[in-house]
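Q: In case you want the letters, here they are:
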Amino acid sequence: MKPKIGDIFVYVFILVLIGLSFLGLKTMGSNRNNLLVQIELDGEVIDSVEMWQEEQEGELKEIRVDTGQGRYNIVGISSQGVSVTEANCPDKLCVRSPVIREPGQSIVCIPHKLVVRIIGESQRDNAVDDTAS
Amino acid sequence: MERNKIKRFFAVLIVLILVLFLVSGCISNTQGQHDKSFFAMDTVMTFRVYGDRSAKKAMNKAIDRIKEIESHMSSTHKDSDVVKINKAAGVEPVKVHDDTFYVIKKAVEYGKLSNGALDITIRPIVELWGITSDKPRVPSQEEIEEKLALVDYNKVVLDEDKKTVFLENEGMGIDLGAIAKGFAADEAVRILREAGVESALLNLGGNVITIGSNPDGRPWRIGIQDPRTEETGQPHFTIVGVTDATVVSSGDYERYIEEVYEKTGERYHHIFDPRTGYPAQAGLIACTIITSSSIDADALSTILFVMGREEGLKLIEGLDNIEGIAVTTDKEIYTTEGLKASLIPSNDNYRIVD
Amino acid sequence: MTKTRKITILAIIISQALVLHYIESFIPVLAPGAKLGLANIMTMVTLVLFGFKEALIVVVIRSVLGPLLGGSVTGILYSLSGGILSGFIMSVLYLKLDIYFSLMGISTAGAVFHNIGQLLTASWIFGTIGILYTYLPVLMLAAVVTGYFNGLVTRYILGYLEKKLEIRN
Chain P
1 MKPKIGDIFV YVFILVLIGL SFLGLKTMGS NRNNLLVQIE LDGEVIDSVE
51 MWQEEQEGEL KEIRVDTGQG RYNIVGISSQ GVSVTEANCP DKLCVRSPVI
101 REPGQSIVCI PHKLVVRIIG ESQRDNAVDD TAS
Chain Y
134 MERNKIKRFF AVLIVLILVL FLVSGCISNT QGQHDKSFFA MDTVMTFRVY
184 GDRSAKKAMN KAIDRIKEIE SHMSSTHKDS DVVKINKAAG VEPVKVHDDT
234 FYVIKKAVEY GKLSNGALDI TIRPIVELWG ITSDKPRVPS QEEIEEKLAL
284 VDYNKVVLDE DKKTVFLENE GMGIDLGAIA KGFAADEAVR ILREAGVESA
334 LLNLGGNVIT IGSNPDGRPW RIGIQDPRTE ETGQPHFTIV GVTDATVVSS
384 GDYERYIEEV YEKTGERYHH IFDPRTGYPA QAGLIACTII TSSSIDADAL
434 STILFVMGRE EGLKLIEGLD NIEGIAVTTD KEIYTTEGLK ASLIPSNDNY
484 RIVD
Chain E
488 MTKTRKITIL AIIISQALVL HYIESFIPVL APGAKLGLAN IMTMVTLVLF
538 GFKEALIVVV IRSVLGPLLG GSVTGILYSL SGGILSGFIM SVLYLKLDIY
588 FSLMGISTAG AVFHNIGQLL TASWIFGTIG ILYTYLPVLM LAAVVTGYFN
638 GLVTRYILGY LEKKLEIRN
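Protein chains in written order, with the numbering used here: chain P, 1 to 133; chain Y, 134 to 487; chain E, 488 to 656.
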């Protein structure tokens, strides 16, 4: 019983589907173990970068976020955590906010409608779902 | 003839599928996670709701409801009830939405309960200091006394039948900031529950509201902000496990005049004592209320902070199913009886006092 | 073939599909959703003996009644979406492209699309696409095995039925 040409096509199709779903899993899975810094503007996620790695000690990655009409915030990511290093908002609360480094923590700039949030599974025992402030 | 049959067959098929989709939409309780964050009531709000598509729909409905409440109770929306009431102070009663009436009535009740520690007519004082504005300043004693004369919750005249609100004196003003967020949270929770949501985590500008427990069955673990995080380097001073509860904190760490603090070490923060016209100084740096109703939690956390630990915790102890935590300037933690056995500091800069 | 005879045979096929569906619920599964899909044999038999319309009738009735025998109303939704999608695919392959496909190939394609239909419905209900990625690989591998097996069974059944019933027109 030799498989016909179409049968082989079916099997190739299956292989492609399996490959694609592994690709999909991988992009999802990489977010799962590592922490992500998510930048939201007015509720929309506009950028999402991986949190610092141990070997990147001392390095500082700065992301400039233009929030429209000449307004901006600069988000700094280092091995110490994430902070807003500079902004031209009127209250500068985001710049004064303490450094965040745990999932569930966030820095908010209300005048610019900007939220910088750390997401992912915490490695620590005393991880929290949220913080009341 | 044959063609008609096929047509009819497909029509029946489509109707059948649609009906089944509708039915399954109602009964399936499969769990998906729906996240949304948005800006409302001058703060950022984050929703995480677990459930099927109907849960997602309910989430959007709850968000719309919050925006509706905001449009009634904002101090800046020019058509809001609050703006109208303030404009008509000393002139005439203003007809308001049922929402606004309920919230103001509740606020006045809390004013009475706390003997004026919470007073929604604090607005003239808030505007004088401008702590949350671009140009905060420390006013003179004369200025404060002048404005303090306008602060009196007893001069808020409510007409239950006509649903009108009247401020007796010109220059008076109300600010629902301390309590409207709590009402919005209660409404959001009501909408989500009515849609059958059994697990959700909401954060309304630092007020954390939980429905049910974490989908994995554990209680929600809620950290309570360390009020001196810049000193201790710690995000929270304790962690509480809650189900179906709201956790609301107040403190001097949220907004204060930075320039003055850097020079003198004095924190002129945003929670005023309506009896003095100065930022509350009752020996607390932070306090937290845990209970089921958010409007109560919102009001009581302000009251506790203004009253201080002894008087404040005593008041809360006298209410049913409400727990309170007070953190003093010495970083000592006092709690109501119900929390005494279970509360553990999550960093050793703080210690529990029995 | 008379109309009565056709209705009778279709009724027997549907009841056999239901019996297979019921028996299958006693066979343990490797992964959730990865079932043998024995009822698909009857769909294919109908497709070969009668054609597209009849095969679809068998699929729809079996998909609605099957979960009612042992399952939930949501089960109907899953089996309908999977069944209809795979029924369409198998019909196209068998009626239009049968020179390229063996019954085993058609049966495998049917199994694949049955699973895809169910997963799409599941991700629609759950409101998340993640389920697709997680379940697809396992279900696809299962489809290869069950599809081949069901195709083989269908071939033997058809050989027998065509001789006995002489119903092929």
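Keep in mind that the hints are not guaranteed to be accurate.
[What the hints assert, rightly or not] Far from chain P, some chain E residues (derived; all Cβ distances over 12 Å):
id, residue
1, 502
2, 525
3, 548
4, 578
5, 585
6, 594
7, 640
8, 645
9, 651
[Stated by the list, open to error] Simulated pairs of lysine-lysine, DSSO-like, Cα-Cα distance not exceeding 27 Å:
id, chain 1, residue 1, chain 2, residue 2
10, P, 113, Y, 189
11, Y, 138, E, 490
12, Y, 138, E, 650
13, Y, 169, P, 113
14, P, 4, E, 493
15, Y, 169, Y, 190
16, P, 92, Y, 396
17, Y, 211, P, 113
18, E, 583, Y, 140
19, Y, 169, P, 92
20, E, 650, P, 4
21, E, 493, Y, 140
22, P, 92, Y, 194
23, Y, 194, P, 113
24, P, 113, Y, 239
25, Y, 138, E, 540
26, Y, 211, Y, 239
27, Y, 268, P, 92
28, Y, 200, P, 113
29, P, 113, Y, 268
30, P, 26, Y, 169
Derived from the structure by calculation, the hints contain no laboratory data.
Idealized CB from N, CA, C, for every residue including glycine.
Q: Now, for every hint given, state plainly whether the structure supports it.
A: Taking the hints in turn, this is what the structure says about them:
1. Once the 12 Å rule is applied to beta carbons, residue 502 of chain E is consistent with being away from chain P; the minimum gap is 30 Å.
2. Every beta carbon of chain P lies more than 12 Å from that of residue 525 of chain E, the smallest distance being close to 20 Å; the non-interface claim holds.
3. Distance to chain P confirms residue 548 of chain E as a non-interface residue, since its nearest Cβ pair spans about 27 Å, more than 12 Å.
4. Listed as a non-interface residue, residue 578 of chain E keeps its Cβ farther than 12 Å from every Cβ of chain P; the least gap is roughly 14 Å.
5. For residue 585 of chain E, the condition that its CB be more than 12 Å from all CB atoms of chain P is violated, with the nearest at approximately 9 Å.
6. With a cut of 12 Å on Cβ distances, residue 594 of chain E falls inside the contact zone with chain P, its closest approach being about 10 Å.
7. Every beta carbon of chain P lies more than 12 Å from that of residue 640 of chain E, the smallest distance being close to 14 Å; the non-interface claim holds.
8. Against the 12 Å criterion, residue 645 of chain E stays outside the reach of chain P, whose nearest CB is about 15 Å from its own CB.
9. The claim that residue 651 of chain E lies off the interface holds: its Cβ sits roughly 23 Å from the closest Cβ of chain P, which is beyond the 12 Å cut-off.
10. Distance check on the hinted pair: residue 113 of chain P and residue 189 of chain Y sit about 23 Å apart at the alpha-carbon level, within 27 Å; holds.
11. For the given pair, residue 138 of chain Y sits about 15 Å from residue 490 of chain E by alpha-carbon distance, which is consistent with the 27 Å threshold.
12. About 31 Å separates the Cα atoms of residue 138 of chain Y and residue 650 of chain E, which puts this hinted pair outside 27 Å; it is violated.
13. With a C-alpha separation of about 14 Å, the suggested pairing of residue 169 of chain Y with residue 113 of chain P holds against the 27 Å cut-off.
14. At most 27 Å may separate the alpha-carbon atoms for a hinted pair to count; residue 4 of chain P and residue 493 of chain E exceed this at roughly 32 Å.
15. For the given pair, residue 169 of chain Y sits about 12 Å from residue 190 of chain Y by alpha-carbon distance, which is consistent with the 27 Å threshold.
16. At roughly 18 Å between alpha-carbon atoms, residue 92 of chain P and residue 396 of chain Y fall within 27 Å of each other, so this suggested pair holds.
17. Restraint check: the Cα-Cα separation between residue 211 of chain Y and residue 113 of chain P comes to about 21 Å, which is no more than 27 Å; the hinted pair holds.
18. Pair hint residue 583 of chain E plus residue 140 of chain Y holds up; C-alpha atoms about 22 Å apart against a cutoff of 27 Å.
19. The hinted pair formed by residue 169 of chain Y and residue 92 of chain P meets the criterion: a straight-line CA distance of about 25 Å does not exceed 27 Å.
20. Among the hinted pairs, residue 650 of chain E with residue 4 of chain P is consistent with the structure: their alpha-carbon atoms are about 25 Å apart, no more than 27 Å.
21. Restraint check for residue 493 of chain E and residue 140 of chain Y: satisfied, since their Cα atoms lie roughly 21 Å apart, inside the 27 Å limit.
22. Proximity of residue 92 of chain P to residue 194 of chain Y is assessed by CA-CA distance (about 33 Å); at most 27 Å being required, the pair is judged violated.
23. At most 27 Å may separate the alpha-carbon atoms for a hinted pair to count; residue 194 of chain Y and residue 113 of chain P meet this at roughly 21 Å.
24. Simply put, residue 113 of chain P and residue 239 of chain Y have alpha-carbon atoms about 31 Å apart, too far for the 27 Å limit, and the pair is violated.
25. Straight-line distance between C-alpha atoms of residue 138 of chain Y and residue 540 of chain E comes to about 11 Å, which keeps the hinted pair within the 27 Å bound.
26. Proximity of residue 211 of chain Y to residue 239 of chain Y is assessed by CA-CA distance (about 23 Å); at most 27 Å being required, the pair is judged to hold.
27. For the proposed pair residue 268 of chain Y and residue 92 of chain P, the alpha carbon gap of about 12 Å is at most 27 Å, so the pair holds.
28. The straight-line distance between the Cα atoms of residue 200 of chain Y and residue 113 of chain P is roughly 16 Å, inside the 27 Å bound, and the hint therefore holds.
29. At roughly 21 Å between alpha-carbon atoms, residue 113 of chain P and residue 268 of chain Y fall within 27 Å of each other, so this suggested pair holds.
30. Among the hinted pairs, residue 26 of chain P with residue 169 of chain Y is consistent with the structure: their alpha-carbon atoms are about 24 Å apart, no more than 27 Å.
This entry does not satisfy hints 5, 6, 12, 14, 22, 24, going by the numbered hints stated previously.
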